[in-house]
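Q: Put together the whole structure using the sequences plus the hints.
2 protein chains.
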Amino acid sequence: MSPTPGRVTAVDTYDIRFPTSRELDGSDAMNPDPDYSAAYVVLRTDAEDGLEGHGFTFTIGRGNEVQVAAIDSLRHHVVGRSVDELCGDPGTLNRDLIGDSQLRWLGPEKGVMHMAIGAVVNAVWDLAAKRARTPLWKLLADAEPEWLVSQVDFRYIADALTPEQALALLRSGRAGADGREAHLRERGFPGYTTSPGWLGYSDEKLTRLARQAVADGFTQIKLKVGADLADDVRRCRTAREAIGPHIRMAIDANQRWNVDEAVRWTRALAEFDPYWVEEPTSPDDVLAHATIRDAVAPVKVATGEHVQNRIVFKQLLQAGAIDVLQIDAARVGGVNENLAILLLAARFGVPVCPHAGGVGLCELVQHLSMFDYVALSGTTENRVIEYVDHLHEHFVDPVAIRDGHYLAPSAPGFSATMRPESLAEFTFPGGAFWAADLAHQAELAARTANTGNAGTTGTTATTAKKAKKGAAA
Amino acid sequence: MSPTPGRVTAVDTYDIRFPTSRELDGSDAMNPDPDYSAAYVVLRTDAEDGLEGHGFTFTIGRGNEVQVAAIDSLRHHVVGRSVDELCGDPGTLNRDLIGDSQLRWLGPEKGVMHMAIGAVVNAVWDLAAKRARTPLWKLLADAEPEWLVSQVDFRYIADALTPEQALALLRSGRAGADGREAHLRERGFPGYTTSPGWLGYSDEKLTRLARQAVADGFTQIKLKVGADLADDVRRCRTAREAIGPHIRMAIDANQRWNVDEAVRWTRALAEFDPYWVEEPTSPDDVLAHATIRDAVAPVKVATGEHVQNRIVFKQLLQAGAIDVLQIDAARVGGVNENLAILLLAARFGVPVCPHAGGVGLCELVQHLSMFDYVALSGTTENRVIEYVDHLHEHFVDPVAIRDGHYLAPSAPGFSATMRPESLAEFTFPGGAFWAADLAHQAELAARTANTGNAGTTGTTATTAKKAKKGAAA
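Line by line, the protein sequences give chains A and B.
Number 552 in our numbering belongs to position 406 of the first sequence; there are no gaps in the numbering.
Number 262 in our numbering belongs to position 116 of the second sequence; there are no gaps in the numbering.
Do not take every clue at face value.
Claimed, not checked - Mimicking DMTMM-like on lysine to aspartate or glutamate, the simulated pairs with C-alpha atoms at most 25 Å apart in a straight line are:
#1 A:Lys-351 x A:Asp-362
#2 A:Lys-446 x B:Asp-305
#3 B:Lys-446 x A:Asp-469
#4 B:Lys-446 x B:Asp-374
#5 A:Lys-351 x A:Glu-327
#6 B:Lys-446 x B:Asp-406
No lab work stands behind these hints: they were computed from the structure.
A: Below you can see the structure in the form of structure tokens.
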């Protein structure tokens, strides 16, 4: 067949980095100085509607170029494909990308290559929802159960969830969906905030931001822990005093501990009534999570932001290793794999509380939770989406929070589209911000070499502040 | 301190690809057309000895450039370091690379970034052994137990193996080491061969190569299975008839199955007395391997070539999920992590039968098994190293096989050094082979566009044959 109109003509990639490390935003026990970044991809087509599909992998700085190279390596699977076919059945592309026999060797289904697949697959879903003139959560909630099941790859999970079981869950999930959709549009989906709890913040800032979180309507906050136990005891006491006894307080160790440390440390903080302990150890360690969960109850165990794929989530559920399942929109192989994970969570009756923050993770993941509420799990009980107030200003359709709830997006798509000015300014290393910053650093280095004095870093700090608040803010 | 002589001056990377897909070498149920490749790294120093450290990640073609980019992203950790310090304590570099907080986000400890760490760490060990003028297996076997323990990262494995337990294993492993070293130098370490069993081979070729394997002294062969059950029944029968009842025959599904399929398929082949079934399902699925092992006994379960790190190996052992542990020298974070895995295997009493083949994997992994035999497990019983007769001619110190055994390497280093002519010829896309091949393909494409006829592929086939046998052979 000769080519017809409506094909993918380009898969353009961008290395986007924000200099967040300069203000200690996002610091935790394992990640002291992240520069929040995105390996960003735009699918362009020759369709008359002129719509583009946007997607990305979130990283925290160095290595973002490796992630971009990984997305580039998938290009040949996408360019030239029919837009109608892609958007009508993203599952086929998903399977083609996962099934590339040569690229598969680099995973399989984990790490850099798998996140690259997720970025491309999510870009297709963004395009599909834009073409359908609907936000992604609504596209998913309105989809036929049979079609949703066709979007799931059951390889390696069929021992815990068959296509027939998935179909039954989706069919029963439709009962009452209209009422829940109306409620969602009015009230939104509950969030919780990590903004007060970064390790790099002073106690005074922690208190101020924790009180602010309660005033803003959040019913849960989260504190980073795991660097120093005495500090954590003080910080947990400070936070509990600031929020009072009725607001939930989660703690997050970011994989810092071995099993024994996780148990000891969590018990030492139990007097402050933590709701869950998050990432107590390696995200790869199903059996360790099960051991820890047994030992720290009634404190709940949560993990998922670094869980590599549906296969590990399946085992966490099979082993009874977690109380709370934390999907991430940009870690696994995209919407298709997250559908599988949401279905697994529903089958095991475990609540999903997504990881978010970073660059654009809130924007993406809200769609998945809203679909889950309207048309699958049917409840928001014990379900909250993480919220961090960073870098939303770089997105065309940023999340909207009201009274501690994520408001349902109304714009078509997956809320993944970054502002063109932000792409231009924060492309690394050639964008306006980085070009100026790198020139400034080179100048400082030259001055230091000449005089032995490091000079001031005033210009850098100023431009970093501008970065945080957004180029156009 | 001012810089002193003997520092790393360069970390040079090479994208090396061999066109193996053109002869169906290496074809299996998941990997129908691999182009065996290496993301290759050379550490250069300004030390007077002029020695270099060589290492690599093995890939099967597309994506090798992503792996090269990942190694490049580690360069700043290595350039400028003291060669004495690096070689005296590779464990510190290993921890620095794994602990890079920004790069860690891309794993952690899995996939592309982790294999890149393995390539660099292995290059350091190659350099350390060259400087010590000894093959790596001997350097490890002669090392003090306390120092070997200092080379292991116990994070996430201390619940199964403490430093004290590791030290005790290494101390008891020294008893009788001299006698085992003498035996190893005389007889070598047992191997088994996969050469007869690739899926793409005809039954006639399978029979011929299986008989040849027995004549060559191998006591075990391996067949790829998992694409079509009727074919597998015929091929297993053919192979069993060729080798007789006393030679072991392993089968390898390369992750093709769900749990139910794995059990059903393995039972259907049980009449041909397979010794182990390898990679029956996802390498991430600890619980599935445990279920399969229970169901297919007495057929043993083996896995490991795609197991991402010590944490998953630990769980496979804790869960009683495997009978045979298959390390790979270039999948995990290098020699240091493989030390941890060998120690875990010794603690659980599970035999280690390394994965090899590909490009240079035999050359590397023999050192680890020989150390294990001489100074840790103390036995070769039920232990065999995979052997495939591919691409050894590209290495300066290729493996030597005699009577089905790997002979102990005597040249200093890790046997990782590729011939300079091979690097020059098979660098992608600019090396002599690929430049000619790509020009030829472009010419064919142009001719097809002009005449509608694909023409012949004679030139390509000829150069491919040359590739397989080595530029200088």
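Q: Hint by hint, note whether the structure agrees.
A: Now for the hints, and whether the structure bears them out:
no. : hint                  : in the structure
1   : A:Lys-351 x A:Asp-362 : 16 Å, holds
2   : A:Lys-446 x B:Asp-305 : 21 Å, holds
3   : B:Lys-446 x A:Asp-469 : 34 Å, violated
4   : B:Lys-446 x B:Asp-374 : 21 Å, holds
5   : A:Lys-351 x A:Glu-327 : 37 Å, violated
6   : B:Lys-446 x B:Asp-406 : 16 Å, holds
Violation of the numbered hints given earlier is confined to hints 3, 5; the remaining hints are satisfied by the structure.
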